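Listed below are the residues making up each chain.
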Amino acid sequence: MEVIISQENGQMVARLIGRLDTTNATQFQNDITPLMEAEHPNIVLDCTDMEYTSSQGLRMFLMLQKTVSSKAGSMVMTHMRPAIREVFDITGFSKIIQIE
Amino acid sequence: MKKRFEPIEGRNAEIIETVMTSDEVAQLNEELQFKIRLCVEEVEENILCYSGTQWIELEVTRDNGVLRIHFKDEGIAFDPLAKDDPDIDASLENRQVGGLGIFICKQMMDKLEYTYEHGCNCFTMIKQID
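Just so you know, the protein sequences line up as chains G and Y, in that order. 1 is the number of the first residue of the first sequence in my numbering; add one for each residue after it. 1001 is the number of the first residue of the second sequence in my numbering; add one for each residue after it.
No wet-lab data here; the hints were simulated from the structure. Wrong hints could be hidden among the right ones.
[What the hints assert, rightly or not] Straight-line Cα separation of at most 30 Å, DSBU-like style, residue types lysine-lysine; simulated pairs: (1) Y:Lys1083 with Y:Lys1002; (2) Y:Lys1083 with G:Lys95; (3) Y:Lys1106 with G:Lys66.
[To be verified] Pulled a few chain G residues facing chain Y out of the computed Cβ check, cut under 10 Å: (4) Gly10; (5) Gln11; (6) Arg15; (7) Ile17; (8) Ser55; (9) Gln56; (10) Arg59; (11) Leu62; (12) Lys66; (13) Arg81; (14) Gly92; (15) Lys95.
[Said to hold, decoys possible] Computed footprint of chain G on chain Y, listed as stretches where at least three residues anywhere in the stretch have a Cβ under 8 Å from a Cβ of chain G: (16) 1024-1037; (17) 1041-1050; (18) 1056-1066.
Every value quoted in this text rests on a predicted model; they were computed, and no experiment measured them. Backbone N, C-alpha and C fix where the C-beta goes; we use that ideal spot for every residue, glycine too.
Hey, can you work out the whole structure from these sequences and the hints?
Laid out in structure tokens, this is it:
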């Protein structure tokens, strides 16, 4: 999983590329740390090229959402592939994380 | 496909790829492969993290349009199906991070079976593929 972070119109945009699983979840956690540094994080996770996530990945997204919410920020996941969307739906994650 | 992995440390990815490249799975459509990869990873991760086993035996069979993925290990007896499902309606504040893996398997596979036989955990995932 590769994470490319850029600033666009006051938002932090992170492009997530590849597979997120148990072998790289710790690295992913380090990679997304800069997203949480703002006083009120305003984050877009662009999932166009995210191919896969396991429950380890879901844990990371939950942790990120909890941090963002605790700092009165916002987070949205965009362009999620249907197979991944299904994982978010069946686990109830699409009710606590905004997906567009 | 039938293969025994011993030792198992650091072989998470190898175990998953062995299933995904097996004759029984490699030709399946993308949607099924996604689900199988996910469920194999979740089960394998549970075994590697919690069972204390020195080995895992994996067997994949395909018969009359039914795929069976069978895991066997000699770790401590643990029935993952006996655990309560996570509360998927919990609010963000109350949402817990654990217990998602087996829950995902329950949703994505047609049937899960667990038995403890001759000192081994035997866990099988069954999925209709045709």
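So, going through the hints one by one against the coordinates:
| no. | hint | result |
| --- | --- | --- |
| 1 | Y:Lys1083 with Y:Lys1002 | holds (28 Å) |
| 2 | Y:Lys1083 with G:Lys95 | holds (23 Å) |
| 3 | Y:Lys1106 with G:Lys66 | holds (26 Å) |
| 4 | Gly10 | violated (24 Å) |
| 5 | Gln11 | violated (21 Å) |
| 6 | Arg15 | violated (20 Å) |
| 7 | Ile17 | violated (17 Å) |
| 8 | Ser55 | holds (4 Å) |
| 9 | Gln56 | holds (7 Å) |
| 10 | Arg59 | holds (5 Å) |
| 11 | Leu62 | holds (6 Å) |
| 12 | Lys66 | holds (6 Å) |
| 13 | Arg81 | holds (9 Å) |
| 14 | Gly92 | holds (3 Å) |
| 15 | Lys95 | holds (7 Å) |
| 16 | 1024-1037 | holds (count 5) |
| 17 | 1041-1050 | holds (count 3) |
| 18 | 1056-1066 | violated (count 0) |
Going through the hint list in order, the structure does not satisfy hints 4, 5, 6, 7, 18.
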